[in-house]
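**Student:** Sequence:
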Amino acid sequence: MKKVVLFISCAIIMVVLFLPDGINSSKRESLIRQLHSKNYFESSSAVNQIIKNKVYEVLPTIQADFWRKDLIDKEMYLEVMVGLKYRFSKNYIYALYDSIEEKAYKNIDSINAKLNLTLLLFKLNDFSKINYLHYNTNSPRGKRHNFMTIDTWWYLLDIPEYEQLAKSTLLRLIEESEYEHDRTRALFWLEEKYKGKITPELIELFPSLSNTYVKQLIIKDNLRYGDFNDVFNLLKKQY
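Each residue of the sequence shown is one higher than the one before, starting from 8 at the first, in my numbering.
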């Protein structure tokens with residue numbers, strides 16, 4: 008009987024030690040050092056691994072170092088806090104947002120910085136900054152910074168309360184964005200989410216589009232999701 012109990016105990020220990028998502032203490036310490044690296048690519052690559060492996064030991068050092076770091080490092084620290092569901096994450100996000108508003112940082116892209124923080128709040132189910140997303144989407148300056156704007160609206164496609172608003176905004180950005188890559192990015196996220204279900208709305212939007220490349224993408228995607236009559240009609244409108 009004792010041998011059976013001993014065998015079971017050893018088996019449990021082995022399972023705990025070698026779970027797929029588990030990592031040993033030396034690896035955890037290595038990830039923490041990597042996060043604090045001055046090399047951006049090293050520190051940024053550590054973020055997902057720390058979250059994935061639930062390296063909670065990093066939180067005390069993040070708190071201690073937070074206000075001594077530059078803005079990029081602060082944003083990475085916040086990603087870790089949010090990913091690890093640290094209960095004071097919002098406090099840090101709001102404090103950093105306010106410091107950007109007060110122009111505490113020089114030579115930064117304040118629009119993208121605030122959009123990054125807005126997205127982190129969304130991930131915490133806090134939508135209090137959605138008015139900033141609206142403002143940035145519609146302002147002349149914001150329309151030249153649509154990459155992060157588009158990705159933030161894309162996140163809202165999975166939030167039932169904001170899904171329709173996000174979808175209509177992305178459709179509008181396909182038409183109105185200043186840069187071609189922003190238009191195609193908005194199109195990509197809509198098709199990634201809805202597949203062929205978005206086709207009727209894209210067909211309706213098609214005549215008002217001025218960008219030839221985006222039109223060609225819609226025609227191409229209709230070959231997958233639409234029917235040949237739709238494609239034929241779109242080709243007639245295009246040419």
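Please note that a few of the clues may not be correct.
Derived DSBU-like pairs (lysine-lysine); straight-line CA-CA distance at most 35 Å [as the list claims (entries may be wrong)]: (1) K45 with K113; (2) K59 with K34; (3) K61 with K97; (4) K202 with K130; (5) K200 with K92; (6) K110 with K202; (7) K130 with K61; (8) K113 with K204; (9) K204 with K227; (10) K113 with K92; (11) K227 with K61; (12) K59 with K92; (13) K227 with K174; (14) K34 with K45; (15) K76 with K130; (16) K97 with K110; (17) K34 with K174; (18) K97 with K222; (19) K76 with K121; (20) K59 with K45; (21) K121 with K34; (22) K45 with K92; (23) K222 with K61; (24) K76 with K34; (25) K202 with K113; (26) K130 with K200; (27) K130 with K174; (28) K34 with K110; (29) K113 with K97.
Restraint-style ranges between C-beta atoms, simulated for each label pair [unchecked claim]: (30) N55 with Y142: 29 to 35 Å; (31) K113 with K227: 24 to 30 Å; (32) A71 with K202: 23 to 29 Å; (33) H188 with P67: 39 to 45 Å; (34) E182 with R40: 28 to 34 Å.
Quick caveat, the hints were computed from the structure, so don't treat them as lab data. Ideal Cβ positions, reconstructed from N, Cα and C, are used throughout, including at glycine.
**Student:** In ascending order, which of the hints set out earlier in this document are inconsistent with the structure?
**Tutor:** Of the numbered hints given earlier, those the structure breaks are 6, 8, 11, 17, 18, 23, 25, 28, 31, 32, 34, listed in rising order.
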